[in-house]
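Heads up: the sequence lines are chains A and B, in that order. Read in order, the letters of the first sequence correspond to residues 1 to 260 in my numbering. Read in order, the letters of the second sequence correspond to residues 1 to 144 in my numbering.
Hints in this document: simulated from the structure, not taken from any laboratory. Cβ atoms here follow ideal geometry from the backbone N, Cα and C, with glycine treated the same way. Hints may contain errors.
With the Cβ distance kept under 7 Å, some of the chain A side facing chain B (calculated, not the full set) [as the list claims (entries may be wrong)]: (1) N7; (2) I33; (3) K34; (4) S35; (5) L38; (6) D146; (7) G152; (8) H175; (9) Q178; (10) P181; (11) P184; (12) R186; (13) T187; (14) A202; (15) E206.
Coverage of chain B stretches by chain A, computed from C-beta distances (three or more under 8 Å per stretch; other residues unrestricted) [as the list claims (entries may be wrong)]: (16) 33 to 41; (17) 48 to 54; (18) 62 to 76.
Label pairs and their calculated CB-CB ranges [said to hold, decoys possible]: (19) A:I244 x B:L39: 57 to 65 Å; (20) B:L39 x A:L9: 54 to 62 Å; (21) A:R239 x B:P83: 26 to 34 Å; (22) B:P35 x A:G22: 32 to 40 Å; (23) B:S49 x A:G22: 39 to 47 Å; (24) B:Y133 x A:L179: 44 to 52 Å; (25) B:H125 x A:S101: 50 to 58 Å; (26) B:G86 x A:L179: 32 to 40 Å; (27) A:S253 x B:P21: 54 to 62 Å; (28) A:K177 x B:G85: 39 to 47 Å.
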Amino acid sequence: MNESRRNFLKVAGASAVGAAWGIPVVSALAKAIKSTPLPANLSGKRWAMIVDINKCKRPEVRRACADACRSLHNIPDIERPHREIEWIWSDGFENAFPNQSNEHTRADLRESDVLVMCNHCDRPPCVRVCPTQATFRRADGIIMMDEHRCIGCRYCIAACPYGARSFNWEDPAPHIKQLNPDYPHRTRGVVEKCTLCAERLAEGLEPACVEAANRLAGPGAMIFGDLGDPNSAVSQALRVKTTIRRKPSLGTSPSVFYVV
Amino acid sequence: MYDAGKVIAGLVVFAVLVTLPLWYTDALGDPGYKPDPELPKAEKHCVESREYMKAWHMDLLNHWRDAVVRDGKRVYIPEQAVPCGGDADCTGGLCVAGNCRYRMSLSGGCMKCHTSKSRFCDRCHNFLRIAPYCWDCHIDPKED
Chain A
1 MNESRRNFLK
11 VAGASAVGAA
21 WGIPVVSALA
31 KAIKSTPLPA
41 NLSGKRWAMI
51 VDINKCKRPE
61 VRRACADACR
71 SLHNIPDIER
81 PHREIEWIWS
91 DGFENAFPNQ
101 SNEHTRADLR
111 ESDVLVMCNH
121 CDRPPCVRVC
131 PTQATFRRAD
141 GIIMMDEHRC
151 IGCRYCIAAC
161 PYGARSFNWE
171 DPAPHIKQLN
181 PDYPHRTRGV
191 VEKCTLCAER
201 LAEGLEPACV
211 EAANRLAGPG
221 AMIFGDLGDP
231 NSAVSQALRV
241 KTTIRRKPSL
251 GTSPSVFYVV
Chain B
1 MYDAGKVIAG
11 LVVFAVLVTL
21 PLWYTDALGD
31 PGYKPDPELP
41 KAEKHCVESR
51 EYMKAWHMDL
61 LNHWRDAVVR
71 DGKRVYIPEQ
81 AVPCGGDADC
91 TGGLCVAGNC
101 RYRMSLSGGC
111 MKCHTSKSRF
121 CDRCHNFLRI
131 APYCWDCHID
141 PKED
């Protein structure tokens, strides 16, 4: 190209002026809306949950937790194990806590099933690998899913050491038994998981599984609260009860604790 | 240039056809068909002015989506203040200190007044041949 210095400067100057004109246009389009949380919204520094394995030993307690979650969040009932979708489910103690039991561990503990779900980790591997920030950590510690952004790459499924994420291999709508019209379901090709009932916290309510467990197994079966508040139910219980977390050696620092 | 007459005539015909949607209504006055979304009968105003909602509702919904999912904010404060004396004035919203506030929700907000997807949303969207994927996940109100 044979461009004189003078012409080059002219074009560069004109481009700069044009770009400057564009700035207010772009910023007007990106203008933020004004919004606030609901008046009853629960806010915390880091939400956490305690599951009392002994109090949740009866299968019907754990089933009630899973069913409450399933009907509230329009989770499909798909029987085929490769396609099933779970936010909260039961697993054997030794599967949930590998390296934390041995042949001398209390038999009733070793043989019991425990409730498992997303651990809402302090250092979540799923968030690190998500290429679209569809999954992200909220300021209150909830690992949230933005289904609008999920492109279905499933990196997060590979990254999560707890198997807490499910992929929609097919349209989930036909598999939903009782549709809850107040909550969306998902579509084919996105990943879903427990959101710690973010929509209920916004209304001032505890997560649905906590409510169901405490209704069936008595108070303390599951405890929900803010780790950042030393007087919260969770912080108080953690000071007096012996608790463990899943796969601590991975350094993910889960927010779900288990009373053994 | 060979066949200049044919080429230029062809270009003129092409330009006329391509720009047809831009000048058709102005030239002929009557567009022939206009989509007619059914508006709520009892409610007097939407969260913003009618003109704004017509042109920008999709943009507003995207902002709502991000505010709710990413920032955990679920109550909308209208750009154009809607004064009110009680919740009844806010047509599905809340009256807070003399001004209306609205829940940012498709199924739990918009569709509480616009109760029919097929008679409101679809009328324009079908006319324009666009299919927003809102309803792949969000649940539209039951219609009788």
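> Would the stated hint for L38 of chain A survive a check requiring a Cβ distance to chain B of less than 7 Å?
Replying inline: Check passed: Cβ of L38 of chain A comes within 5 Å of chain B, closer than 7 Å.
>> Quick check: does the Cβ-Cβ distance between S49 of chain B and G22 of chain A fall within 39 to 47 Å?
In response: 27 Å, violated
> Would the stated hint for A202 of chain A survive a check requiring a Cβ distance to chain B of less than 7 Å?
Replying inline: At 6 Å from the nearest chain B Cβ, A202 of chain A passes the 7 Å test, so the hint holds.
>> Please check whether R186 of chain A passes as an interface residue: C-beta within 7 Å of a C-beta belonging to chain B.
In response: 6 Å, holds
> Quick one: are K177 of chain A and G85 of chain B within 39 to 47 Å, going by C-beta?
Replying inline: At roughly 44 Å between Cβ atoms, G85 of chain B and K177 of chain A fall inside 39 to 47 Å, so the hint holds.
> Is the shortest C-beta separation between D146 of chain A and chain B less than 7 Å?
Replying inline: It holds, given that the least Cβ distance between D146 of chain A and chain B is near 5 Å, below 7 Å.
> Holds or violated: is there a CB of chain B closer than 7 Å to the CB of S35 of chain A?
Replying inline: 4 Å, holds
> Range hint 32 to 40 Å: satisfied by the CB atoms of P35 of chain B and G22 of chain A?
Replying inline: Holds: the Cβ-Cβ distance is about 33 Å, inside 32 to 40 Å.
>> Interface hint check: H175 of chain A, Cβ to nearest Cβ on chain B, cutoff 7 Å. Holds or violated?
In response: 14 Å, violated
> Count the residues of the segment 62 to 76 of chain B with a beta-carbon closer than 8 Å to any beta-carbon of chain A: does the count reach three?
Replying inline: holds (count 12)
> Can the suggested window of 50 to 58 Å be confirmed for the beta-carbon pair H125 of chain B and S101 of chain A?
Replying inline: 57 Å, holds
> For the pair G86 of chain B and L179 of chain A, does the Cβ-Cβ distance stay inside 32 to 40 Å?
Replying inline: Holds, since G86 of chain B and L179 of chain A (Cβ atoms, about 33 Å apart) stay within the stated range.
Violated hints for the displayed structure, listed by number in ascending order: 1, 7, 8, 9, 15, 16, 17, 21, 23, 24.
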